[in-house]
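Chains as they are written, first to last, in this note's numbering: chain B, 470 to 568; chain H, 1438 to 1814.
Heads up, a few of these hints could be off.
Listed next, with one range per pair, are the computed distances between beta-carbon atoms [to be verified]:
#1 H/D1548 / B/E498: 55 to 61 Å
#2 B/G510 / H/E1522: 43 to 49 Å
#3 B/M470 / H/K1776: 51 to 57 Å
#4 H/L1518 / B/P521: 51 to 57 Å
#5 B/L501 / H/Q1645: 36 to 42 Å
Think of the hints as simulated: they come from the structure by calculation, not from any bench. For glycine and all other residues, C-beta sits at the position ideal for the given N, C-alpha and C.
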Amino acid sequence: MKIDFVRSGGFAGLRLAVNVDTQDLPDAEAALLEKLIRDSGFFDLAEHIKSPSGGADRFEYRLTVSEGGRSHTVTVSEAAVPEGLRPLIDRLTEMAKGL
Amino acid sequence: MDHHIDPLLCIIPPHMLKNIAEKGTDAQKRAALAALSASARIREQRTAFIKAMVVKVPAAISGKHRAVYSANNLTSLPGVLMRDEGAPPSADVAVNEAYDGSGAMYDLYMDVYQRNSLDGNGLRLNSTVHYDKNYDNAFWNGEQMVYGDGDGQFFNRFTISIDVIGHELTHGVTQYTSNLDYRNQPGALNESFSDIFGSLVKQRTKGQTADQADWLIGAELLTMNVRGVALRSMKAPGTAYNDPVLGKDPQPAHMKDYVTTLEDNGGVHINSGIPNHAFYVMAVEMGGFAWEKAGRIWYVAARDDFNNTTNFQSAANLTYKVAGELYGVGSIEQMAVAKGWSEVGITVGVQPQPQPQPDGCLAAPVAFIRSLFSGKS
C-alpha cells in the first residue's frame, strides 16, 4: 500500500509531505497505517471535503492511497476533517515531521 | 424631491456616500443613505449596509470590545474567558498580546478608515490563545481569531507578532466586505489583504514611514533555530527564509513566476507575494505613512468595488480607479498604484468604461449637491 500525504496552507504556508510504501515499514507500523486507513473508510470518502464555515489560514490535507490497482485522493480542510480520518492524518503528520 | 433620478447617484462614488453616511450630519446621512439605496450598482451591498447603518447609531456607543479566551491546549472554541474589555492585564503574555494586538487593529480601522470593527458595526473581537498542543498556526474560523503556541522548535507563540494578529483580524474584515473566495487569485488577494493590513498595524504601532518599515510578516515568530528573517517579505517576496528543514520561501514577486498548484487552495499563501509586492512598491512610491494613502486606496477599493471573484488584474484596475477618485486622476498616488502593479507584471487597464447612467444624470442639480455638503437640506 502506498500513501502520499501533503499538508499545505496554514498561516505560514509551509509544505509538509511524506510518501510511504508500507512494504518498507516495520510490520507493526505498516499494520497500524493499514488499520487507520481501513477505519477511516478512506476509499468511500468524498474527493473534496470543505468546511461549511469559511474562515482562513486552516491547514489543507491531501492524501492519496494506492492499493491493489485502486487509488483514491482526498483533499480535506483542517476544519472539516471527519472524526474517523483524524487519527490517520495525525499519524502521517508525525511521520512527515520525522517523528 | 423626485427620487426617480437621484443626482447623488450620478456623480458621487458609493465609497464617498458611505463616508458621508458614516460621518456626516444627520441630514447628510439621510441624503447619502437615500442615494445609496437607489444605486443599482451597489444593490447587492445595500441591504446589508443600510441594515448596518440603522443599527449602527446606537451601536457606535459600544465601540471597542475585545474578549480573549484560552483553549488550555485543547481544541474547543472559544474556551475559557481570560480577559474581557477593560480588565487589567493577565499574567499570561499570550492573552495580553492578543488583547493589545486586536486593540491596535481595531484602532487602525476605526481611527484611519472610520470602520467600527470587522462588520462595521462594533462586532466583538473574540480571540482564543493556547489552541491545541504545539500548534504551528493561527487562523480565522469565520467567527473569531485563534492562535497556537507554536512548537517551540521552529515557531514561537503566534501572538508574538502583531502583524499575525492584524492578518487574522483582517480576514474578518474581508469576510464582511469583498468576501473574496479563498481559492486561486481571489484567495491570494484575500491573503495579501491580511498581510498588508497586518504590516500596516505594525508600522502604525511603531510609527514607521513606508521606507522605514521592514515589510516582514511574522519576523518574531521564527525561533533562532530557523535560517530566515520572517515567514514572508513584502519588500522581497521569496527571500524571507531558506532553511534546511522548512525549505525556501516559495513566494513569487512577479506574474512570470506565478505558481499554479492544487495545494494551499491554489497557492493562496504563495501567490499573495505578487499583490504584496505591488502594495509595497506603491506605498514606498507615495512616501509617508503607508496606512494613510496606499492603505486607504486598497481598503476603499476592497470595501466598495471588490467582490468574491476579483482577480489580480481587476484588483489593479479597481485600486487605480479608486486612487483617481480619492486623490485625483493623474495624481502622484494614482501613478504610484500603476507603478506598483507594473513592477509585478500587471498593467492597469484604461479607466473602466463608465457604466450606463440613468437618464438625466447630466442635468443633476448642482444646488442639491451643495445643499448636501452644507448640511442644510
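Here is what the structure says about each hint:
For H/D1548 paired with B/E498, a C-beta distance near 57 Å keeps the hint of 55 to 61 Å intact. Checking the proposed 43 to 49 Å range against B/G510 and H/E1522 shows it holds: the Cβ atoms sit about 46 Å from each other. The hint said 51 to 57 Å for the Cβ distance between B/M470 and H/K1776, and at roughly 54 Å that hint holds. As the Cβ distance of H/L1518 to B/P521 is approximately 26 Å, the hint placing it in 51 to 57 Å is violated.
A beta carbon spacing of about 52 Å between B/L501 and H/Q1645 contradicts the range 36 to 42 Å that was offered as a hint.
Violated hints, in rising order: 4, 5; the structure is consistent with all others.
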